[in-house]
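K.L.:
Next come the chains, spelled out residue by residue.
4 protein chains.
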Amino acid sequence: MIITLKKGVTKKEFDAIIERIKKLGYKPHVSRGKDVTIIGMIGEFAEKYKDSFEAMEAVEHISEIQKPYKLASREFHKENSIIKIARGVEIGGKKIHVMAGPCAIESKDIVFNIAKSAKHSGATILRGGAFKPRSSPYTFQGLGEKGLRIMKEAGKKYSMPIVSEAMTIKQIPLISKYCDIIQIGARNIQNYDLLKEAGKQSKPVLLKRGMATTIKEFLLSAEYILSQGNYNVLLCERGIRTFETSTRFTLDLNAVPVLKKLSHLPVVLDPSHGTGVREFVATMAKASIAAGADALIIEMHPKPEEAFSDGPQSLLPEQFAKMMGELNLIAKAVGRELLD
Amino acid sequence: MIITLKKGVTKKEFDAIIERIKKLGYKPHVSRGKDVTIIGMIGEFAEKYKDSFEAMEAVEHISEIQKPYKLASREFHKENSIIKIARGVEIGGKKIHVMAGPCAIESKDIVFNIAKSAKHSGATILRGGAFKPRSSPYTFQGLGEKGLRIMKEAGKKYSMPIVSEAMTIKQIPLISKYCDIIQIGARNIQNYDLLKEAGKQSKPVLLKRGMATTIKEFLLSAEYILSQGNYNVLLCERGIRTFETSTRFTLDLNAVPVLKKLSHLPVVLDPSHGTGVREFVATMAKASIAAGADALIIEMHPKPEEAFSDGPQSLLPEQFAKMMGELNLIAKAVGRELLD
Amino acid sequence: MIITLKKGVTKKEFDAIIERIKKLGYKPHVSRGKDVTIIGMIGEFAEKYKDSFEAMEAVEHISEIQKPYKLASREFHKENSIIKIARGVEIGGKKIHVMAGPCAIESKDIVFNIAKSAKHSGATILRGGAFKPRSSPYTFQGLGEKGLRIMKEAGKKYSMPIVSEAMTIKQIPLISKYCDIIQIGARNIQNYDLLKEAGKQSKPVLLKRGMATTIKEFLLSAEYILSQGNYNVLLCERGIRTFETSTRFTLDLNAVPVLKKLSHLPVVLDPSHGTGVREFVATMAKASIAAGADALIIEMHPKPEEAFSDGPQSLLPEQFAKMMGELNLIAKAVGRELLD
Amino acid sequence: MIITLKKGVTKKEFDAIIERIKKLGYKPHVSRGKDVTIIGMIGEFAEKYKDSFEAMEAVEHISEIQKPYKLASREFHKENSIIKIARGVEIGGKKIHVMAGPCAIESKDIVFNIAKSAKHSGATILRGGAFKPRSSPYTFQGLGEKGLRIMKEAGKKYSMPIVSEAMTIKQIPLISKYCDIIQIGARNIQNYDLLKEAGKQSKPVLLKRGMATTIKEFLLSAEYILSQGNYNVLLCERGIRTFETSTRFTLDLNAVPVLKKLSHLPVVLDPSHGTGVREFVATMAKASIAAGADALIIEMHPKPEEAFSDGPQSLLPEQFAKMMGELNLIAKAVGRELLD
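Protein chains in written order, with our numbering: chain A, 1 to 340; chain B, 1 to 340; chain C, 1 to 340; chain D, 1 to 340.
Since no wrong hints were added, every one of them can be taken at face value.
Intra- or inter-copy, both count: the list cannot distinguish identical chains.
For lysine to aspartate or glutamate, the following EDC-like pairs were computed, each having C-alpha atoms within a straight-line distance of at most 16 angstroms:
1) Lys-27 / Glu-47
2) Lys-170 / Asp-193
3) Lys-95 / Glu-337
4) Lys-23 / Glu-306
5) Lys-6 / Glu-279
6) Lys-67 / Glu-44
7) Lys-50 / Glu-306
8) Lys-27 / Asp-15
9) Lys-303 / Glu-13
10) Lys-6 / Glu-60
11) Lys-261 / Glu-279
12) Lys-7 / Glu-75
13) Lys-34 / Glu-75
14) Lys-108 / Glu-153
15) Lys-261 / Glu-57
16) Lys-34 / Glu-44
17) Lys-48 / Glu-306
18) Lys-303 / Glu-57
19) Lys-67 / Asp-35
20) Lys-27 / Glu-44
21) Lys-7 / Glu-44
Don't read these hints as lab results, they were simulated from the structure.
Using the sequences and the hints given, assemble the complete structure.
P.N.:
What follows is the structure, encoded as structure tokens:
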């Protein structure tokens, strides 16, 4: 990092900074301009000490130069990581996978019905929430383990690996037991104990970016999981919060090439939450693939007006089927494949 | 809520909506303009069904009219709530309380040193983190229960109730045992299981607004706690994330009169996190009191450059003392009191 | 619009509102719930009176139901508008057009050089700034009319219509004289006198969304131009300002399907400004086309490090050529065409 | 500025950068870490060349170290600037001034009525818009010069200097002729030609920060005016656009101490636009003064529901009078004065 000193700093203050840098095992590089003096402190994890230097009265400003994450970085692993979900299902390679299903698991009938259509249209992974983070305490909170059992059966019947969200540390072993992918939701992106727990088991983790999470923070949250030994992390962009209200969130597609540059981990896009509006989902799914997505996660429901949550953004099965055909064309246009 | 229909909606679609409203126990109010038809569905918790109507193809848009929270609302409790923290320490009344202490508990010496200065300058509550949410897995994560014991001793010695953060469900009974106030941090504002757990015990909860949490969501998160039976919730504004980078966050002081209008709960301001810069803390503390804050929470450290976290925003004890005198003048100017 | 009344409003206050609505020529629709009373005031331009009702003490809140713009709306003109730029160049039809060129016009040599490559790679419109809005007064401000003459010559030589920005009312006739499209920049999106002036002449206008402009405000700014009689408006999304700093702006691709739904006007995307980083431009250009863009505007420079402005986001000619081939594939995949 | 190089940069690329720095008259300072090489280029206006270095393939990132503005900076002028508006009216000294009046000038009667109350309550400057920037072309656009004449008469009768907004270059001499302060509105913060024109005349300029303008950009816009020779600039914070919708804008009070640190220019706060809600204005006015405001600008109207614009945020005269008494107490508490 680069330490810019205040104008008029005393020799004593200057020396204290230099001493401190040396003590921490780094070599200070001093550059003096007419009005400004800067000190470079360069080396692995130097940025870790940012706060302690910034807290010194003589310091005007710190510029970060190096990345504060390591295992998640492209430097650490040059090739794209390919993450194995189940037999024949790998994310991060040529094939683009589509995860589909209802927002919440409501009943066996509905889940099986959706799984059948999803599979038929080319989806390869089944999604569905058993534990639901709802902003109001007065709305449906999910079926819990009963829901997971339904999912598992549906996944088995239609040969689809399944993904569901864990909201608490206690739910991690449960989701890990029933599912092929553990989802960590946007609201838990900085629930660090939950991240660590997800890192201590071996099932792949679908990590959703929070609505106000910077790319740097997103990769640091991924690092929490990786640092515990689980390298199977899928990064999921699902819309950020901006001033615009015509969509529920603003799907940040810039994030795809940025993440691809900075990290080796696969990138999943969620146009359902990223728009919040059914009629925009297919369009943004296409844009996501053109932007380089390795997988998509899409909400589908046969009767959205009866869905317990997220009905407005759920596709009807026939809309989903139509979209899959269109996505396949885009996938080919970018040298990928989607349908067999 | 108000349901605006799409232009050219069929009679069948219209009837389906009317039927649905009646079935849910509400009375539909239809208004037809030349180009647009709207249907009012008014009554307690009508907004709960927003998604299910929005999911219908015939619906153009839903406008929310009523508040989705109840126990947190000013309508539910007209008077300002006054929350008792300890003998002689009540938040929400005439007296403005200042919570002060280090970001993280680092050692007994430092905590006692800070507690002594804080008390001497007029702070009435001691703050300090035993469990720390850090964006990087490679930085100091807190002393845990050992830290809580130090805090308790310091609180006892200087007759100050103490506040510390719980990051997981498991930590709730621990914090509840040692502390007088349980803090739920900004990163856990939508960690609903944690909120519910905090609602199941009786110690007051300091609930920090997330960096991208709307006022409505903030009050819904408070509602999660209240709905479990714990009515002792303190709402804490600590800065929101905006495009501006000259401060770490943007302290949203507008939120103070807005919260005071919508809710009966006391409002606490955190100018340390809300600015992230030591030299701006005292100024924003003054502005907070002028805006109507019932309490402040301030970071202080005798050697900020050696602090394990948040050094750049920690006040020196002498700066803290000076600030308290200034705050007292503002408190008097708005008809409150701060120092005895 | 829907007027929600405060609880406990008096009969006198209620009557005053009803009277006012009638006086303005609208019919009030009253709906009373147990706790809340709402009044519908529905009809063309009712939203114009939003402020005056909101200003009344008895009013709690106004919900807008109808759109405040008219000529820009899809209701006004059901089909997509196709805007003729020059012989054989129409935007809004099957063919996707690419506008390319330097950020600023620097010299005849460079412009001709770029025009030649751009044309050769399939660009159909030449862009270049003669008047530059620069955030610092100490940087290059553009060649002015001399630049426009260079552009005109280059456009003539390579048979490309040209587009350049007008920053002031006085520059409108100048740009209109030399160019085929007048650009109104993001910083002038609410410079209403400039918009009106652009509406009083007949050349097509490329209107760039501001960095904090909502879709509604964007269409209202377009309405300013349309309301003066010029219906040839191209809506350009160029990135909005969010908390994310890894790209210069956040290209809001959600805006494409939203604009397509609400308006009949063609949509142009600017991935150069929308990312600010050369290596992300081609990827986001592909995503833009998949999202439904009718045209793109791209910055190109043979020696970006010598460009007077926006070098970091300018493509090299060979990068541009490669991108055009890729874009062509995406265009075909969405049923459009780009290269002949 | 600090140039961080990409890993694996060639000697040739490195030399080209060094050469370029020397050619521009700066001295390069090279620091090499194990993984990263940085080059310091420090000196006045080095940041001007940011883009041209960032455009080079070998460059990973540029960190700005020095401020890109000069005349507006605290370094250039250490003392607070005190700006003389009229005889006995100076902004930036001990006395805090309050500008009050209607949003738009509607009629002589109303303006005189308001001026009388405002003066009586202690306001020292009269505000009112003759040219109004309205987001819809179908709403009232202002009385123009006729309005300015009314303002001038009212100002004369009640001995108050007056302030009104110029929206175009042509209006600058007009406003300059009739008024004591020229306001440049938030929507024109980057209308650079307008800023330059305001800098070429001598009347003080009230420059309003745009809704998505960073502090750095705000000071650069001020620099445009200063660089033309007019040093009488008042910086006005009026609310920024964030995700929060419970207020019209988010009044950024952090900006006050930040601007005071970075610049010598007086700071004016606009709580009327910064909240958009009448009942929050007085509270935020108090907070503004506690945060260090040198002046306030407040909208007032005797019949807000009949105001042509901004009725919802306009204070009634009796509310204004009450507020002034409260502000006076806060002013004293921070060592300033407001009422005589």
